[in-house]
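Peer 1: Spelled out, the chains give:
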Amino acid sequence: MFDKVLVANRGEIAVRVLRACRELGVASVAVYSEPEATALHARYADEAYCIGGGPAVESYLSSEKIIATAKRAGADAIHPGYGFLSEQAEFAAACAAAGITFIGPRPESLRQLGDKVEARRIAEAAGVLTVPGTTGAVGFDEAPAAAAEIGYPILIKAAAGGGGKGIRLVTEAATLEPALHLAKGEAEASFGDGGVYLERYLDPVRHIEVQILADRQGNVIHLGERECSIQRRSQKLVEESPSPAVDAGLRERLGAAAISIARQAGYENAGTVEFLLDSTGSFYFIEANARLQVEHPVTELVSGIDLVQAQLRIASGEPLGLSQADVRLTGWAIECRITAEDALKGFMPSLGQISLVSEPAGPGVRVDSSLFDGLEILPYYDSLIAKAIVWGRDRGEALSRMRRALAEYEIAGIKTTLPFHRELFVNPDFLAGDIETRFLERKFLPGLAEGADGNAALLVATLLSHERQRGGWGGAQAAAGEQRSGWRLAARLGRSTRGGPWRNTP
Amino acid sequence: MFDKVLVANRGEIAVRVLRACRELGVASVAVYSEPEATALHARYADEAYCIGGGPAVESYLSSEKIIATAKRAGADAIHPGYGFLSEQAEFAAACAAAGITFIGPRPESLRQLGDKVEARRIAEAAGVLTVPGTTGAVGFDEAPAAAAEIGYPILIKAAAGGGGKGIRLVTEAATLEPALHLAKGEAEASFGDGGVYLERYLDPVRHIEVQILADRQGNVIHLGERECSIQRRSQKLVEESPSPAVDAGLRERLGAAAISIARQAGYENAGTVEFLLDSTGSFYFIEANARLQVEHPVTELVSGIDLVQAQLRIASGEPLGLSQADVRLTGWAIECRITAEDALKGFMPSLGQISLVSEPAGPGVRVDSSLFDGLEILPYYDSLIAKAIVWGRDRGEALSRMRRALAEYEIAGIKTTLPFHRELFVNPDFLAGDIETRFLERKFLPGLAEGADGNAALLVATLLSHERQRGGWGGAQAAAGEQRSGWRLAARLGRSTRGGPWRNTP
Amino acid sequence: MAKYTLRLGDRTVEAELEETPDGNLRVNIDGVWQLVRLRRLGDTPRYVLVLDDRVIEVLAEAGPQGFNIQIGGRPYEIETGRGRPRRRGEELEQLVDGEWTLRAPLTGIVAEVMVAEGDAVEKDSVLLIIEAMKMLNELRSAVAGTVSALNVKEGERAEIGASLLRVAALSAEPEQPA
Amino acid sequence: MAKYTLRLGDRTVEAELEETPDGNLRVNIDGVWQLVRLRRLGDTPRYVLVLDDRVIEVLAEAGPQGFNIQIGGRPYEIETGRGRPRRRGEELEQLVDGEWTLRAPLTGIVAEVMVAEGDAVEKDSVLLIIEAMKMLNELRSAVAGTVSALNVKEGERAEIGASLLRVAALSAEPEQPA
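Protein chains in written order, with numbering that gives the first Met the number 0: chain A, 0 to 505; chain B, 0 to 505; chain C, 0 to 177; chain D, 0 to 177.
Chain A extracted, bound-state conformation (with noise of 0.2 Å):
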């Protein structure tokens, strides 16, 4: 096992990263852009350097500060988390350069899955069927005849892509071009790279993915799959495993599949293959992400293997020791991703200071979370502020618990995606496990009824009115907030009654 480990990420996958070095007794660095002194992942690890500015180029996307951090502070081994630099080679092969061990495949590995019309190459070598598409990136000249050749409705991905980002949906060729232009550039702020392909869109079919642990010494098992079809204009909100649509047989060739393909890509470390099901049980091989993923907790719920700690003790050399045969996954488990959008007013991205955060606890619940009273929401970085997961002994056992977690759950001082999970939770399809990839938009329709506590709200507000008239303004008695930061909520208690030019690009 390694001696000391940098952990190259911030928020809450840092902290998961951390926790677990933590657990296997291994000293631990953070690395932290200078808006994110206080933050949690910093305070937790042994060491915390600062190494830039609030924009990920400066810092966490900043290949040569991190290298140069862990040789400061004499880290053996790199962890990437998700995201940023997790799936660059270049940033592997540096690592290796520079002497510390990368916890993640090959840089070999990270190439060919990273293109993803290699790795549909390597898919078909490993006699896995995938989604039609172009056997490289497009440009802007080039898109409309290849869209054109493979069909409409057809998806602009992000060749370096992974997590939604730089996703596209074109139905008519009118709207490629400006579809291409706004695809590109978020894969250019996402990834440092704004190459995108086109592929077929598939409908309705659910999003399913296998997760994979390979070892060095060539021993390859699955966790079994992931239903992630819940998803928001290509971002996931929730997922679970197993999926209401896979039995034994299906797992087994599912499995199978994502095996196969990780044999044929020479993979090492955890790693995800993604398919599209079909309601036949046909399933297309769409990507495979060569790093941990957001939703990784849902499968450490059910096979009782926590993949941070085995990624680091593959990376370090040791062998699996475990085979196929024994894994057993039990229960149900599922995933809420808490975003910092405005579940009420489009998912519009909400900034500013959390007031409060009281998170779930209690019997089948687990948080990954990073959130602390006082904490900044900043702009730079993903919505992703916190999940919520839970485990039941099946399905109906764990959709109870999240209910009742969503009602624990307490955010004060920004808007999230809370309200949307917590309607979501009680939608009769969903909860029949009756959903495909565009379920949200077609039979979902978010918007909140009308609260059923006016009159609480207005007893309070009433009471604090006379407390204020009597006490004056930031007495003991006032309302939380009101010296510290009331130009603040001036700002954000205005904008949330209003309606007006912006909405989010589709």
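A few of these clues could be false.
[Claimed, not checked] With a Cα cut of at most 20 Å, we get these calculated EDC-like pairs of lysine to aspartate or glutamate: (1) Lys344/B / Glu158/D; (2) Lys2/D / Glu466/B; (3) Lys70/A / Glu153/D; (4) Lys344/A / Glu130/C; (5) Lys70/A / Asp51/D; (6) Lys133/D / Glu375/B; (7) Lys183/B / Asp51/D; (8) Lys122/D / Glu33/B; (9) Lys2/C / Glu440/A; (10) Lys344/A / Glu111/C; (11) Lys133/D / Glu466/B; (12) Lys183/A / Glu111/C; (13) Lys2/D / Glu33/B; (14) Lys344/A / Glu158/C; (15) Lys183/A / Asp214/A; (16) Lys133/C / Glu187/A; (17) Lys3/A / Asp51/D; (18) Lys344/B / Asp9/D; (19) Lys133/C / Glu466/A; (20) Lys133/C / Glu33/A.
Hint data in this document are derived by calculation from the structure and do not stem from the laboratory.
Dock chains B, C and D against chain A, hints included.
Peer 2: Just chains B, C and D now, with coordinates in the frame of chain A:
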């Protein structure tokens, strides 16, 4: 299933039961004492009623008030939690007389098992060995002769007892009377019944208990054992499941013994059968706890069964729906009881306001608590304020998770047993599983090594002194708590730097 | 006795509050008097409202026009000012001297500026793109007219509410947003 | 430059603090100057100390003699007064005019009073029992002497630090507690 359940308890266990109600979709009613109007359990329930003053006899022990409240709210069942009224046969009978289901065993079972002497007779009838002791409650007059006949050392135990309350070890005849005095006083305070009995003190032994579930249809299963040997003055501090000392064969024998006692008693609902296990593998029945245990979560984590939900299902007449063969115990779970006691000052009770609490989370960690910022710890109730529980694939993983969870757990404003637990989880004997009921006093010397962060603390104090001088007291930059509770902190600081005539009675 | 005018959505309420002889407070809303206790927990925005048969947890923060309240995960924005109820969106949508101002609806980085001063713009045409949390967000014009002022450059950070640019409108009133 | 005298356990430190030309703060403890930043998080007692190679979370609350600090779960009680360092336990143990005062070491309910005014007591004999959290706690005499005042009755609540009773001592000095 019930429509509405009243939870006749407070603190973490009331919240635990309310969570189960919410997951089952059952409406819930809380009761609270006057100083607990802002308590989490009162806020968590759908309805909440104030039933009397702070002392438990005026509120949580008032069977009349609780039954009247259940009637007023239209509750069709009462869950008693643990402690308070949970094992009082008269209360269970009064519920039945009022047409309300008591979620627990039948009154006759409570009466039989609550009388520890009668319980031993049942165990003997079931063919299980018992610890030698008096055949009934003893008074000051009979005690010396009875103790002499059993042979010192002896234990004085509350006949109505449980939870380590009212238990005293007496090693010689000279200290019998004062110990009897204190034990009877505590028994009276805890259970409203000062009756005590005497028992041979076996040494060295492990405290091993077996969780059982029994339905109205006569199905009885066990969910494996819990190791509860980490005790201080007969109060359990740490529990785990399985026990490092129990193999599959012994587990089967323990389980069979527990089931046969439950059958002999015509037992229904969740219960625990406690044994002492000696180094030869022989075990002796000590008592049966006819209620949910504090440490039930470790069994939940290894069995996957929600014991509180199971209690509600059984009490509403549903059959268990699983046989012994369906029970699959997986991995290892450990619980630490966090109490409001100053572990560094002889476990002296620590009252006051919690100014900040931040609880551990992430993989494999569960917290059952009712803590929140601003909670006032009151003198009227048990000192248990929270439970940290972890699950791991094996004992090693569980231990490292607990070490990590304890490091994450932050409580400011009062003193707790967290420092004790942090030290215990690096003790080699404990880590090796080499424990018995007197391990703490024999092998573990609590005491805190000097912290390594003295310089950092001095830097902080310098900066805070500077801010205070510049900004005056109470400015935005002043240290937390200066205005609000300076006088109270003053008192506590004064106390925590003193020695004195104080000591906890043995 | 004190009186307070409160607005929640379309509902306007005159609340009366008075102290009872035994020192408690009671509040009259819509003709119903209720004994109420409100306690703040520590230094947090969390309050507890104690009623006869229920204890309600409340998150409450002050705003310029009143209080921002959450109960059971639902928001209740209550205005306590004494003036006439504002029409929603009024301040930000209205034209001032025939000019419409585009304000940043969120804090972010100006990723792209599509127009220059003097450019003619149609209603609903894209003026700027702001990047926040890796998402590109298009800001569109609420009016047709001419860009009369441009206050930001690409790469700059724009704070929520900041004036980004102004458009001299062709028509006197913008249409209501959807 | 500002100077502060701090005491942590047996250690007394003269800390110097000054602003650097670029507006940061540096602190000199034991001859070592260090650039430091301290930030409070929200309205909580949680602070973050940012050093060059480490970010340290600190829980800090004010006390009458300084600050009560927790780092990594360990307590550091720092006195910031300017007077001579106090001997531990001094205030509570000393005799005043030959009388020793028993103060409540915790808040609880007086469960039993074993003595009456005028009773002779031995050193270490039990005077009172206080019940808190269902545990009975014996309070013993630090001196031999006569009970000169009894301020509580059974069933009463005793606040921490409250004077419970006084004993007129036979000897002039109590022994040091264990």
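Peer 1: All hints, please: hold or fail.
Peer 2: Each hint tested on the structure:
1. Pair hint Lys344/B plus Glu158/D holds up; C-alpha atoms about 19 Å apart against a cutoff of 20 Å.
2. The hinted pair formed by Lys2/D and Glu466/B meets the criterion: a straight-line CA distance of about 13 Å does not exceed 20 Å.
3. For the given pair, Lys70/A sits about 68 Å from Glu153/D by alpha-carbon distance, which is inconsistent with the 20 Å threshold.
4. Distance check on the hinted pair: Lys344/A and Glu130/C sit about 17 Å apart at the alpha-carbon level, within 20 Å; holds.
5. In summary, the hint linking Lys70/A to Asp51/D is supported, as the alpha carbons are separated by about 16 Å, within the 20 Å threshold.
6. Restraint check for Lys133/D and Glu375/B: satisfied, since their Cα atoms lie roughly 17 Å apart, inside the 20 Å limit.
7. Distance hint between Lys183/B and Asp51/D is unfulfilled; the C-alpha atoms sit about 59 Å from each other, more than 20 Å.
8. Straight-line distance between C-alpha atoms of Lys122/D and Glu33/B comes to about 40 Å, which puts the hinted pair past the 20 Å bound.
9. Using a Cα cut-off of 20 Å, the hinted pair Lys2/C and Glu440/A is violated, with the two alpha carbons roughly 46 Å apart.
10. Between Lys344/A and Glu111/C, the direct Cα distance comes to roughly 23 Å. Violation of the 20 Å bound is thereby established for this hinted pair.
11. For the suggested pair Lys133/D and Glu466/B, the alpha carbons sit about 42 Å apart, so the restraint of at most 20 Å is broken.
12. The suggested pairing of Lys183/A with Glu111/C holds, with an alpha-carbon distance near 13 Å, which does not exceed 20 Å.
13. Our distance criterion of 20 Å between C-alpha atoms is broken by Lys2/D and Glu33/B, whose separation comes to about 49 Å.
14. Using a Cα cut-off of 20 Å, the hinted pair Lys344/A and Glu158/C holds, with the two alpha carbons roughly 19 Å apart.
15. Our distance criterion of 20 Å between C-alpha atoms is broken by Lys183/A and Asp214/A, whose separation comes to about 35 Å.
16. Between Lys133/C and Glu187/A the CA atoms are separated by roughly 10 Å; this keeps the pair inside 20 Å, and the hint holds.
17. For the hint pairing Lys3/A with Asp51/D, the CA-to-CA distance comes to about 18 Å; that is within 20 Å, so the pair holds.
18. Pair hint Lys344/B plus Asp9/D holds up; C-alpha atoms about 19 Å apart against a cutoff of 20 Å.
19. Pair hint Lys133/C plus Glu466/A does not hold up; C-alpha atoms about 42 Å apart against a cutoff of 20 Å.
20. Of the pairs offered as hints, the one joining Lys133/C and Glu33/A holds, with about 18 Å between alpha carbons and a cut-off of 20 Å not exceeded.
Of the numbered hints given earlier, the model fails hints 3, 7, 8, 9, 10, 11, 13, 15 and 19; all others are met.
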